[in-house]
Amino acid sequence: MAEQDIIRRSGTTDITPASQARVGGVKKVAKLFDATKCNGCKACQVACSEWNDLREEVGEFSGSYQNPPSLSPECWTLMKYNEIEDAGKLRWQFTHSACMHCADPACLKACSTAGAIIQRANGTVDFDSDKCIGCGYCASACPFDIPKISAKDNKAYKCTLCSDRTAVGLEPSCVKTCTTGALRYGTREDMLFYAEKRVEELKARGYKNAGLYNPEGVGGTAMMMIFHDINDPESYYMPKDPQVPMATEIRQDWLKPLGTAGLIATAAFALMHRITVGRNIVEEDQPGYIDAAAEKEEDSK
Amino acid sequence: MTNHWIDIKNSNVIVIMGGNAAEAHPVGFGWVTEAMQHNNAKLIVVDPRFNRSAALADHYAPIRSGTDIAFLLGVIRYLIDTKQVNYDYVKAYTNASYIIREDFDFHDGLFSGFDEEKGAYNTESWYYELDEQGYAKVDDTLQHPRCVWNLLKQHVERYDFKTVSNVTGTPIDDYQTVCEMIGSTHTKNRVATFMYALGWTHHSKGAQNIRTMAMVQLLLGNIGQLGGGVNALRGHANVQGSTDMGLLAQSLPGYLKLPSDKEPTLEAHLTAHTPKPLRPGQTNYWQNYPKFFVSLLKSFWGDAATAENDFGYDWLPKWDQMYDFGKHIDMMYRGQVNGLLVQGVNAINSMPNRNKTLKALSQLKYLVVLDNLSSETATFWQNEPGFNEVNTAEIQTEVFRLPTTCFAEEEGSIVNSGRWMQWHWKGANAPGEAMADSEIVSGIMLELKKLYRDEGGVLPEPVAAANWHYAIEHNPSSEELTKELNGYDVATRRQVSGFGELKADGSTACGCWLYAGSWTEEGNNMARRDNHDPSGKGITPGWTFSWPMNRRVLYNRASCDINGKPWDPERTIVEWKDGKWHGIDVGDFNMKLTPQETASPFIMQPEGVGRLFALKLLKEGPFPEHYEPVESPIGTNPLHPKVVHSPVLRWFEGVRETLGTKDEFPYACTTYSLTEHFNFWTTHCRLAAISMPETFVEMNEVLAAEKGIKNGDWVKVSSKRGHIITKALVTKRLRPLQVNGQVVHTLGIPRHGSHNALIKKAYTCNVLTTEMGDANTGVPEYKAFLVNVEKAEGI
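Chains as they are written, first to last, in numbering that gives the first Met the number 0: chain A, 0 to 300; chain B, 0 to 794.
Check the hints yourself; a few may be wrong.
[Unchecked claim] Using 20 Å as the maximum straight-line C-alpha spacing, the simulated DMTMM-like pairs for lysine to aspartate or glutamate come out as follows:
| hint | chain 1 | residue 1 | chain 2 | residue 2 |
| --- | --- | --- | --- | --- |
| 1 | A | 175 | B | 33 |
| 2 | B | 615 | B | 115 |
| 3 | A | 88 | B | 57 |
| 4 | B | 709 | A | 59 |
| 5 | B | 709 | A | 82 |
It should be emphasised that the hints constitute simulated quantities derived from the structure, not laboratory data.
Note that the structure is predicted; figures quoted are calculated from it, not measured.
Make a model of the complete structure from these sequences and hints.
This is the structure we're talking about:
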């Protein structure tokens, strides 16, 4: 079944936009991770692998509760652990790490293959493995270091926000399995409303710097996070001010339009050339062809 | 749990101590975060490690493992000193006003009646002073010098902040904060709950750990209340059910007693266990003991159990001492046991002192392992250099492996921590030749019956007469078995609707009196799935069946004052209004009586009140007292150097030689489970193995620096009983504690090692642990022992 809720496609210019007819009733969605409610149990991580049929290799102890050590083509959700001291008090912070589903996705912008990365009307960003050529541009462009290229099939993989579940009205599997209510899913509007209230609660409980991580540099994200201390996202292994990389922007906003302009210019030039020049030349097998040499010969006769 | 999981949402202060709910009970822990977010509850975590629960706590206090009693007795002292006590509750519903015998005494770490030679107490003096009618004497003014209140005050006087901090290592300011937060719930509109698990039971005084907490809850008036109670979190899916069904070596189903050899007749047994009321007008519920006991015998032996033969009482085994698993391992070790059936436990990885357990199993003639996995117990005879060093050729034990179904491959009920008996349905057929445990056991029983029939033997009756009437004799259905547990009228085979219908004359049979009401003539109440919660307090009376009698909060009469008025109108469970009782839960008392007639909420006690003074029930004494772990990192008891550890421990022959001292093994060590794994089972499960692929030892940064150990380095951890080689996790979450003028470092080892699973080959922590355990239960001290640590070559 053709997916008709795609609003943006990689490797495609705005001149040929994706379908827009059926997106009227679709609302933007968001997953909200509340680090202040997470107990680091990894249920989300395991549920992700279970739902998406992913099985990473059994690794080895790497000096932390964090296993596997990083996201991979076989691990799309990973719990990260950090011990920090805040005003002399120890805090063991847990981060639910997975695709942030940026409103302005660097991966999609960087991708050169038509339709290999798409953005849906609900705001989520998804990869289409069939089309992926494994160039790795998405991985190098992502400011959150999310997409991973598989050595098995040379394709890029990441969290889909369980597009196969959300398409039929279910929450993502990580949210479904969360034991403490640290993960929530709903419309972006509802999640923002909830987050605002929750941050107020946390401030009242003494977390003066509590706040919502929804970075503007990528246009906001469909995975938002509540932190004890919004001023220190690095302690949750999240970048302070993530941006779509300049190189991607230049390519997307300047080089690609330039390229397009070049293409158009070339085509226009070719057209003009054909009109102005090409039309005046008659090919050998075309009627009205005059063999210049023969003519000359004729003339000299 | 006296209460249940959902009820935690009603708490104001949640204390996680002696457990790690976020780690070991992550789903139930959701009710903690619920209470914190929607009831503005505060979470306190007291633990040797800053653990997953501590990560979400409002306040974390470190404690040296094995010093919880000192910590909590200090809380009691603080509550009494600062008058943060619910006095109305304490006066009405505890034995604070009861007068204790004149010959009761405590000094220098010992209670009156200690027999040094036997290492046991004559408990005669640990009792109330009785009047002429046999009732306990009370002084409602609490002035009598020997009333429990004054004895308690005197007993806890020694546990001031400085002393407590010196013993526990908890910094005084942290300790004071905990005391204040707990104390805040002495008011009638605030309630605290305590959530604990193996962090309290796995000690040489585990029962007393829990008891001390229960005393705190009584003083605060928190038992019988919504959001309060004494809440044991059970680990294995059906550990509550197996305990209800007589798991302990001296128990029978429904917490009835397995007779001792001092009770040669049914009459002697019933007399010993049917208490007389200790105050006038008591419910004294255990007066019904004979009804429950005789009904149990009828369920065992059916028509063969008659009044003439004491309902088969003679066929029950009578104990001379506690034959728990620890005792059995010791007997096997000495070659006194021929065969062992292991069911529901991976013994070689679980029993303390693995090297001794290995020798013990090697002495058996046969070993039968009922398990759904190929456990290391079934392959104990296979040599695995380093991990399981045996000389296979020398082991003569014949091993039978009987594959069983797992819970999802059978239907039945599982009892959760909150006493809910939840029916579940089969999810898949078992693979291969696996059979349900009930089918395997039936097969063995029928074969035994046949052998006795064909060949005769000594005392054939208990087996020959065993009541075994099922539609498929060798494969009883869960329905048939649970209906037997509910109980029925013998003549009509009508299911009883509650234990109130059970009789002591042999006309009823009941496999577990507490479960009466679970499968009545109306059907399977455990299969009910109506989650309506009309009160909004999480009672959900139509969801499954909660023993006893679908009651969700035990002792709920204590939620109101003696006149039946709720202490807190927001927490109304039952209420006397317009001349009768109303309630959102089944009352834990006779709701036909008046408030004054029912003003003794602790109906299982013959005096109807909660016991701040435990009488003769626990072996260490009627009040808890701080004793060091058997292996103590400070080598002394600052409170009474002559009595360092519990004076009533069970000492197996030769066990003294297996204990280390702090000079040789200077560091404290504790063991625990991780969220990622379920015992040794999920080490065979790929997703769980991926999420935690290898075991490790946690240690603090100071000790690691001293020893030159870096995060991820290989280390050797050794105790007097053996050593393991594993990797170090150097962390801020453990920290050195100042104790009695020295620094105590604690190491922590998860229990999920295995050399025969999907995870990386690893040692198990039970190589290090000691079999010394609680004198009341035999539970080993897995949570506090001594080790040394050094850098090592990898494996």
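Hint check results:
1. A:175 with B:33: Measuring from Cα to Cα gives roughly 16 Å; hence the hint holds.
2. B:615 with B:115: holds (18 Å)
3. A:88 with B:57: holds (11 Å)
4. B:709 with A:59: holds (17 Å)
5. B:709 with A:82: holds (16 Å)
Checked against the numbered hints listed earlier, the structure breaks none of them; every hint is satisfied.
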